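Participant: Residue strings, one per chain:
Number of protein chains: 2
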Amino acid sequence: MPHCTTLLHAKNILTQDSERNLLEEASLAIHNGKIVAIGPRQELAPVWQAQEERDLGNVLVLPGLINAHTHAAMTLLRGYADDLPLLAWLEQKIFPREAQLTAEIVELFSLLGFAEMLATGTTACLDMYLFQKAVFAAAKRAGIRLSAGEGVFAFPSASCANWQEALAITEDLAQSTSAESRLEVMVSPHSVYTTSPELLTACLSLAQKRNLPLHLHLSESPQEVAQCQQSHGLSPIAYCAERGLLTQPAALAHVVAVSDDDLKCLTEANAVTVLHCPGSNMKLASGAARIPEMHSLGIPIALGTDGAASNNQLNMFLEMNRAALLHKLVAKNPEVLPAGTVFDMATLGGAKALQHHDLGSLEVGKWADLTALDLSAPNLLPCYAPISHLVYAATGHEVVLTMVEGEILYDHGTFTRFDYEALCQEIRQITDALQRKAL
Amino acid sequence: MPHCTTLLHAKNILTQDSERNLLEEASLAIHNGKIVAIGPRQELAPVWQAQEERDLGNVLVLPGLINAHTHAAMTLLRGYADDLPLLAWLEQKIFPREAQLTAEIVELFSLLGFAEMLATGTTACLDMYLFQKAVFAAAKRAGIRLSAGEGVFAFPSASCANWQEALAITEDLAQSTSAESRLEVMVSPHSVYTTSPELLTACLSLAQKRNLPLHLHLSESPQEVAQCQQSHGLSPIAYCAERGLLTQPAALAHVVAVSDDDLKCLTEANAVTVLHCPGSNMKLASGAARIPEMHSLGIPIALGTDGAASNNQLNMFLEMNRAALLHKLVAKNPEVLPAGTVFDMATLGGAKALQHHDLGSLEVGKWADLTALDLSAPNLLPCYAPISHLVYAATGHEVVLTMVEGEILYDHGTFTRFDYEALCQEIRQITDALQRKAL
Chain W
8 MPHCTTLLHA
18 KNILTQDSER
28 NLLEEASLAI
38 HNGKIVAIGP
48 RQELAPVWQA
58 QEERDLGNVL
68 VLPGLINAHT
78 HAAMTLLRGY
88 ADDLPLLAWL
98 EQKIFPREAQ
108 LTAEIVELFS
118 LLGFAEMLAT
128 GTTACLDMYL
138 FQKAVFAAAK
148 RAGIRLSAGE
158 GVFAFPSASC
168 ANWQEALAIT
178 EDLAQSTSAE
188 SRLEVMVSPH
198 SVYTTSPELL
208 TACLSLAQKR
218 NLPLHLHLSE
228 SPQEVAQCQQ
238 SHGLSPIAYC
248 AERGLLTQPA
258 ALAHVVAVSD
268 DDLKCLTEAN
278 AVTVLHCPGS
288 NMKLASGAAR
298 IPEMHSLGIP
308 IALGTDGAAS
318 NNQLNMFLEM
328 NRAALLHKLV
338 AKNPEVLPAG
348 TVFDMATLGG
358 AKALQHHDLG
368 SLEVGKWADL
378 TALDLSAPNL
388 LPCYAPISHL
398 VYAATGHEVV
408 LTMVEGEILY
418 DHGTFTRFDY
428 EALCQEIRQI
438 TDALQRKAL
Chain P
8 MPHCTTLLHA
18 KNILTQDSER
28 NLLEEASLAI
38 HNGKIVAIGP
48 RQELAPVWQA
58 QEERDLGNVL
68 VLPGLINAHT
78 HAAMTLLRGY
88 ADDLPLLAWL
98 EQKIFPREAQ
108 LTAEIVELFS
118 LLGFAEMLAT
128 GTTACLDMYL
138 FQKAVFAAAK
148 RAGIRLSAGE
158 GVFAFPSASC
168 ANWQEALAIT
178 EDLAQSTSAE
188 SRLEVMVSPH
198 SVYTTSPELL
208 TACLSLAQKR
218 NLPLHLHLSE
228 SPQEVAQCQQ
238 SHGLSPIAYC
248 AERGLLTQPA
258 ALAHVVAVSD
268 DDLKCLTEAN
278 AVTVLHCPGS
288 NMKLASGAAR
298 IPEMHSLGIP
308 IALGTDGAAS
318 NNQLNMFLEM
328 NRAALLHKLV
338 AKNPEVLPAG
348 TVFDMATLGG
358 AKALQHHDLG
368 SLEVGKWADL
378 TALDLSAPNL
388 LPCYAPISHL
398 VYAATGHEVV
408 LTMVEGEILY
418 DHGTFTRFDY
428 EALCQEIRQI
438 TDALQRKAL
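As given, the protein sequences belong to chains W and P, one line each in that order. Be aware that the first sequence starts at 8, since it is given in the working numbering, and climbs by one per residue. Be aware that the second sequence starts at 8, since it is given in the working numbering, and climbs by one per residue.
A portion of the hints provided could be inaccurate.
Same chains, same label: a pair holds when it works inside one copy or across any pair of copies.
Quick list of in silico lysine-lysine cross-link-like pairs, PhoX-like style, CA-CA up to 25 Å [as the list claims (entries may be wrong)]:
| hint | residue 1 | residue 2 |
| --- | --- | --- |
| 1 | K216 | K140 |
| 2 | K100 | K444 |
| 3 | K444 | K18 |
| 4 | K41 | K147 |
| 5 | K100 | K339 |
| 6 | K18 | K41 |
Quick caveat, the hints were computed from the structure, so don't treat them as lab data. Being a predicted model, the structure only gives us computed values, none of them experimental.
Please construct the entire structure, taking both the sequences and the accompanying hints into account.
Facilitator: Written as structure tokens, this is what we have:
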């Protein structure tokens, strides 16, 4: 009789395998964090001997969602400034508050961001911010899967005097996390407009040397493209291609303002993924990315929430919904981006963005990163097609359980690895103190 | 010492009065369903003697949201057919399933819709569907505030052999509900394209005779406008104006495809409210209504979810979020429709749509229709500006309590007036039976 660490039973399991199999009255056996069996309960239950067996009841189990572009610590700025023009928002609100950041603040607000993600079914995220060691520390406290790197800028940040320091932190992190299966590092030049040619070359060299992917903001708005044309005579994408950045696996955030040539360039690039952030693009009025076209060209697409200053949530269910709705409107075609395509982006697309091919579906050999939704929530009744519900009917708050590498991290309202009440207290104290300083 | 039925205490109360006062450590006294006092807890608590006193703790109390356009019973069709072109969707999926409707089915699925609304902070809705007596019966079971009328069509429906019958039901309902403060009737011709000139005239006559407002779908898509131009030589709005319909108080759903002349016509109309349904307009690819322009012209605007077949939720928090985000993108301006404006639409705008001026804010003399959100939810932390959170950060599932006329209808996951578990059972049984019949 084969042994496993955990045996889960559920009314429905959505596998996201190549046939999108939906299993009813199903079970999933996990051993050492990986899926060792998945199938009908009546077949698995008599066979597998588990250390822990759990019947989740009337739930839908699905692969954990992957938030492929975020700045978790920006929960600090959730609702701090909205409805402003971009420059006033950045210069009068966001930047002054970010100047007050410390490693302690970044760790606490990252933990808050990870709490929100776990509670809404996200098991992995791709982050870029300042004080990134603190972000990794928060990820370890929460148990979430994290790919991230220190944001690299041509100017000093709250955490680094210069870009060399940011790259040194990135390299340190790559070393210190190398034994941690849940933590990965990406070299993270912030964007073309906030960096310099030599900085980008140094980023590429580090990425090549340590075999790390790149993560950057790219072509987020028409203004960015105009500025790049003026400075470099090229679009941001053409400029990155020219500098060799797109020969390295890369996760490209936003990619809103693109020409046909830019799209061609992306199809020819090596292992790039576009990180689509519809909520942020709408709130900041950046524009609608050409996602349906990119999808039909075969460009890999993942979804991200961006930071809580421009969303203002880190909730991938809402992001799936926005992606599906926005592009129907823009294309004037209700058939564009059907639910399955959007769900792929939030799971398998996210796995590609993370360059992590053991994620994104529930199949033997993959990590047991998953979440479970209560199917008795009023907004999930009745249920004809689970994938439709994930994209159009769920809000993320139907989540009753979230697990990474077979470890339960969120269970019916409770975080298993940290004291959420204490975190709330700390969050309130720090926020109050920062508000007093700002006055 | 003055007496009241209920005295509520809360960390924050957002009044939605003309100054948008936000009260901290506040109380609200309710007597016979109406607000008799609101203010600082330290002033009210020693003065008011209450039959029931309740400290809601760390919550934000706000006026109950008003869902100004819905078809609650269409929860039956939630996720039943998505991502299809409009005609195929209607003719191959929606209409055949609607042909199976009975009063019993409409009552149960309306109750499910009302459950979803109450659980997400909606205290009133404006509904239009078939078997409308069953919808009123469901509203009485749930306790929600309802304005509605039988949908009037030029052709037979599942509930009426002809439009005369639909108007007779409407008139009956107006009589039978006249003593019920939570129930109101509207004369509800479905739309221009599904009715006839004589039917519209009969609707107007009934509305005038019984002093009832009108509720209809209007200018939902460019296709509808083109068809009306062809049939009547006028846009749907001009056509309604010509037939005198806009002299009567009227709630106009969608109003997506409009000319400048149409907008002028709406500004000159007597007591019309536009019911904006951004989720449905996006999902069906109908287009983006000219909401910011209408708002600046002073045309009253309310928000609605539409039915669950085209949304697929009846959640006003998501609808506020979509309205705020969509119009920023369309206008290419992040300052468009700030949070306060959108929140007004979901509260005071909804009250106007219902022609019910004792709703939409928490002020002495108004009905105690309210909801309370748990401020310790991860996605509501920290909290600098509650109105921002309502529009950008909340999903509706932070709601812990919802009350209509001072009566608690939803309390920390429990519906007080009906057995939700039993409803779920019935919903599953009926859905299974209909699926079997359809095969």
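Participant: Give the relationship of K216 and K140 under a CA distance limit of 25 Å: within one copy only, between copies only, both, or neither.
Facilitator: within (21 Å within a copy, 72 Å between copies)
Participant: Is it within, between, both or neither when you check K18 against K41 at 25 Å Cα-Cα?
Facilitator: within (21 Å within a copy, 45 Å between copies)
Participant: At 25 Å max between alpha carbons, let me know whether K100 reaches K444 within a copy, between copies, both or neither.
Facilitator: Classified as within: same-chain Cα gap 14 Å, cross-chain 59 Å, threshold 25 Å.
Participant: State whether the alpha carbon distance between K100 and K339 is at most 25 Å within one copy, between copies, both, or neither.
Facilitator: between (36 Å within a copy, 21 Å between copies)
Participant: I want to check one pair: K444 and K18. Are their C-alpha atoms no more than 25 Å apart within a copy, between two copies, both, or neither?
Facilitator: Between copies only: 24 Å across, 52 Å inside.
Participant: Within a copy, between copies, both or neither: which one fits K41 and K147 at a CA-CA cutoff of 25 Å?
Facilitator: Answer is within; shortest intra-copy Cα gap is 19 Å, inter-copy 51 Å.
When the structure is compared with the earlier hints, no violation turns up for any of them.
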